[in-house]
Amino acid sequence: MWEYSEKVKDYFFNPKNSGVLEDADGVGDVGAISCGDALRLMIKVEPVSQVITEAKFQTFGCGSAIASSSALTELIIGKTIEQAMQISNQDIADFLGGLPPEKMHCSVMGYEALQAAVANYRGEEWVDDHEEGALICKCFGVDEGMIERTIRANTLTAVEEITNFTKAGGSCATCAEGIEAVLERVNAEMVEEGILSAHEAFVPGAVPVLAKPKKVVVKAPESKAPLTTLQKIRLIEETIEEIRPSLQRDGGDCELIDVEGNRVIVKLTGACVGCHLSGATIEGVQARLVEAVGVPLLVIPAAPVH
Amino acid sequence: MANDPVYLDNNATTRCDPRVVEAMMPYFSEQFGNASSMHAFGSEVGGALAKARKQLQDLLGAEFDHEIVYTSGGTEADNMAILSALETQKGRDEVITSAVEHPAVLSLVAHLEKTGQAKVHIIPVDAKGRLDMEAYRKALGPRTAIVSIMWANNETGTIFPVAKLAEMAHEAGALFHTDAVQAVGKIPMNLKSTEIDMLSLSGHKLHGPKGVGALYVRKGVRLRPLVRGGHQERGRRAGTENAPGIIGLGRAAQLAGEYMAEEQTRVAALRDRLEEGLLGAISHSFATGDVENRLPNTANVAFEYIEGEAILLLMNREGIAASSGSACTSGSLEPSHVLRAMNVPYTAAHGAIRFSFSRENTQADVDRVLEVMPQIIARLRDMSPFWREREKEGAFNPTYA
Numbered sequence: 002m003w004e005y006s007e008k009v010k011d012y013f014f015n016p017k018n019s020g021v022l023e024d025a026d027g028v029g030d031v032g033a034i035s036c037g038d039a040l041r042l043m044i045k046v047e048p049v050s051q052v053i054t055e056a057k058f059q060t061f062g063c064g065s066a067i068a069s070s071s072a073l074t075e076l077i078i079g080k081t082i083e084q085a086m087q088i089s090n091q092d093i094a095d096f097l098g099g100l101p102p103e104k105m106h107c108s109v110m111g112y113e114a115l116q117a118a119v120a121n122y123r124g125e126e127w128v129d130d131h132e133e134g135a136l137i138c139k140c141f142g143v144d145e146g147m148i149e150r151t152i153r154a155n156t157l158t159a160v161e162e163i164t165n166f167t168k169a170g171g172s173c174a175t176c177a178e179g180i181e182a183v184l185e186r187v188n189a190e191m192v193e194e195g196i197l198s199a200h201e202a203f204v205p206g207a208v209p210v211l212a213k214p215k216k217v218v219v220k221a222p223e224s225k226a227p228l229t230t231l232q233k234i235r236l237i238e239e240t241i242e243e244i245r246p247s248l249q250r251d252g253g254d255c256e257l258i259d260v261e262g263n264r265v266i267v268k269l270t271g272a273c274v275g276c277h278l279s280g281a282t283i284e285g286v287q288a289r290l291v292e293a294v295g296v297p298l299l300v301i302p303a304a305p306v307h
Numbered sequence: 025m026a027n028d029p030v031y032l033d034n035n036a037t038t039r040c041d042p043r044v045v046e047a048m049m050p051y052f053s054e055q056f057g058n059a060s061s062m063h064a065f066g067s068e069v070g071g072a073l074a075k076a077r078k079q080l081q082d083l084l085g086a087e088f089d090h091e092i093v094y095t096s097g098g099t100e101a102d103n104m105a106i107l108s109a110l111e112t113q114k115g116r117d118e119v120i121t122s123a124v125e126h127p128a129v130l131s132l133v134a135h136l137e138k139t140g141q142a143k144v145h146i147i148p149v150d151a152k153g154r155l156d157m158e159a160y161r162k163a164l165g166p167r168t169a170i171v172s173i174m175w176a177n178n179e180t181g182t183i184f185p186v187a188k189l190a191e192m193a194h195e196a197g198a199l200f201h202t203d204a205v206q207a208v209g210k211i212p213m214n215l216k217s218t219e220i221d222m223l224s225l226s227g228h229k230l231h232g233p234k235g236v237g238a239l240y241v242r243k244g245v246r247l248r249p250l251v252r253g254g255h256q257e258r259g260r261r262a263g264t265e266n267a268p269g270i271i272g273l274g275r276a277a278q279l280a281g282e283y284m285a286e287e288q289t290r291v292a293a294l295r296d297r298l299e300e301g302l303l304g305a306i307s308h309s310f311a312t313g314d315v316e317n318r319l320p321n322t323a324n325v326a327f328e329y330i331e332g333e334a335i336l337l338l339m340n341r342e343g344i345a346a347s348s349g350s351a352c353t354s355g356s357l358e359p360s361h362v363l364r365a366m367n368v369p370y371t372a373a374h375g376a377i378r379f380s381f382s383r384e385n386t387q388a389d390v391d392r393v394l395e396v397m398p399q400i401i402a403r404l405r406d407m408s409p410f411w412r413e414r415e416k417e418g419a420f421n422p423t424y425a
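For the protein sequence lines, the chains are A and B, in the order given.
When you number the first sequence by the numbering used here, it's gap-free, plus one each residue, and the end is 307.
When you number the second sequence by the numbering used here, it's gap-free, plus one each residue, and the end is 425.
Please keep in mind that the hints were generated in silico from the structure rather than gathered at the bench.
We put the CB at the ideal spot given by N, CA and C, even for glycine.
There could be a bad hint or two in this list.
What the hints assert, rightly or not - FRET-style restraints, in silico, Cβ to Cβ:
1. Lys138/B x Arg153/A: 40 to 48 Å
2. Gly295/A x Gly259/B: 35 to 43 Å
3. Pro185/B x Gly271/A: 30 to 38 Å
4. Glu87/B x Pro205/A: 55 to 63 Å
5. Pro42/B x Pro297/A: 49 to 57 Å
6. Glu126/A x Pro185/B: 40 to 48 Å
7. Gly271/A x Val45/B: 46 to 54 Å
8. Lys243/B x Arg153/A: 53 to 61 Å
9. Arg252/B x Ala135/A: 52 to 60 Å
10. Gly85/B x Val192/A: 51 to 59 Å
Said to hold, decoys possible - A short list of chain B residues far from chain A (calculated; beta carbon distances all over 10 Å):
11. Thr37
12. Gly57
13. Lys216
14. Ala262
15. Leu338
16. His374
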């Protein structure tokens, strides 16, 4: 199941402005073939002020397509055509509290429907120049079309270059195989077209040239005056505050009880109590504190009170 | 008032039967021994594994219990069968499969083709999902190492004539493997009376635990292990036996045998009543697949002009679980390759919903679905531009990206 925000669910279950607008001044029909979705946007425009007074939609599509369509109508009603044209697909996604990366194209469809409806209102024909393909990098929402355009525009021949230009593969890197496949295909096509020489093209399976490890420059430690007790306790306090959210995510928590010399007494609460990993948690807290404060410290859990 | 949840997604996975869990429980912390060990801790587990193997053998109608090789599930069994055949069938490097297989087979053979390890023939199906027998006959030849064709399709329930397909494969000197993950436990089988060489199954599709499955390998068929290491499974699948899983699968197989008649009668009647009720109440809908020849538990109904994920979200709000062939419900955004292979029209394939029953479903489940589905479909159709314009040819013709 997709992780939809509450707002996406609300706009799907209770869509606003769904239906047909009789005598619309502009109609935009668009579709996203990758998902099979289609959207008709209908707008009414006040001719003097150019304000969009009414907007309605009809959508054939999934939950986020319907929510994106409805969000679009809410965003444009009351705006002038010029203002509405400033709306990006990201604005639609943001309005909905975000969309899963695979579903970002639903917001793109909304954006395109608006372009098409305005063109129709102005008596122009809207030509779609947006290509898309299979989603390759889920971390950054980069699809095949974007990778291909970037390869061609910048004559890229290495996976790392694609990561540098598009971010694709820059996080979990599990899509490396997918990126290689696109690079191999596009480079081969470029060689065919005579815009890339064969010896420069990406060859799959070639031993990758590993980046040389960066030389570590060892800096002499800055000489600092030793911390006062108060400064030390403040630092410990601040560092524990930084750690707490990650413990809270797992249902636990950590509280500073006291500091005696190099002994830091903390209390683990919530899910940390009785957790077989609490020993590791204490060690983790200790490592963070030692790093932050810069002096050896011993973290001791306070005896749990039941 | 809250309605009880209705689970009609049993082709995705089934509830592990409490009697299966009960059978497994002692093998976690009481009978924890390694079956390979010399001491009493191990030998007691060994006895339980032998019993479980026999239970599964009975469900399959296999001649010998050593024809069963336990795996981590159906996918591993599929991979083992195909990769082994390419190794043992000297001088043969072609694989034949169907266009509607599970990804466990299709993405493996695509990889083999891409990396030059095998030539692959994909046999098409007709509009009802039936295999093109003529294309199959033509694809078989002296280079065919193995045929891998599913017993029953996971999306439509359509059953392929595997016994006949196996005989044809043997005439060409090829091995025959079937992915029977959906069929085992739902339809009776008697493997010793067929020429099927290998068969994959999965525990969690028949009210057993997840993470365990098996490959049936007919006696005399040469097998190359996929996972090498220790001597377990007579050296055919290394790694310490998943004792609780195997024992759970054995109990699940025994129960499936006991409920087999009920599956063919009561469960099939529930499915039929739901399908007839839906088609009667909702216009522009039809059943996909070969309805005369399919699993007793599966109905795949296409609702035209609307999209599956939206249907599932509204059903989920009513506490009803099913699944869809829609592009939008899969992580890959690919529409169902099964419905595409059957040439189901685009606006119908997206609105196809699979209802898959099990012995745990009741008449009340069917009543509940029949009560809410017409409104759900009407509501989404009201929002769909294709629905309103369906009478006017080409009236809604969007610009596609």
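Note to self: Is 40 to 48 Å respected by the C-beta to C-beta distance linking Glu126/A and Pro185/B?
What the structure shows: violated, 53 Å
Next item on the list: Just tell me: holds or violated, for the beta carbon distance of Gly295/A and Gly259/B against 35 to 43 Å?
Entry: violated, 57 Å
Item checked: Gly57/B remote from chain A - nearest C-beta pair above 10 Å -> holds, 24 Å
Check: Using the C-beta atoms of Lys138/B and Arg153/A, is the stated range 40 to 48 Å upheld?
Finding: violated, 23 Å
Item checked: Non-interface label on His374/B, tested against every C-beta of chain A at 10 Å -> violated, 5 Å
Next item on the list: Just tell me: holds or violated, for the beta carbon distance of Lys243/B and Arg153/A against 53 to 61 Å?
Entry: Holds, since Lys243/B and Arg153/A (Cβ atoms, about 57 Å apart) stay within the stated range.
Notebook entry, point to check: Taking 52 to 60 Å as the hint, is the beta-carbon distance of Arg252/B and Ala135/A inside that range?
Noted result: violated, 35 Å
Item checked: Outcome of range test on Cβ distance (Pro185/B, Gly271/A; 30 to 38 Å) -> Since the Cβ atoms of Pro185/B and Gly271/A sit about 59 Å apart, the hinted range of 30 to 38 Å is violated.
Check: Does 46 to 54 Å hold as the CB distance between Gly271/A and Val45/B, or does it fail?
Finding: Cβ of Gly271/A to Cβ of Val45/B: about 30 Å, so the range 46 to 54 Å is violated.
Next item on the list: Against chain A, does Leu338/B hold up as non-interface, every C-beta pair farther apart than 10 Å?
Entry: violated, 8 Å
Item checked: Range hint 49 to 57 Å (beta carbons of Pro42/B and Pro297/A) holds or violated -> holds, 54 Å
Check: Is it true that the C-beta distance of Gly85/B to Val192/A lies inside 51 to 59 Å, as the hint says?
Finding: holds, 57 Å
Hint check: violations occur at hints 1, 2, 3, 4, 6, 7, 9, 15 and 16; the rest are consistent with the structure.
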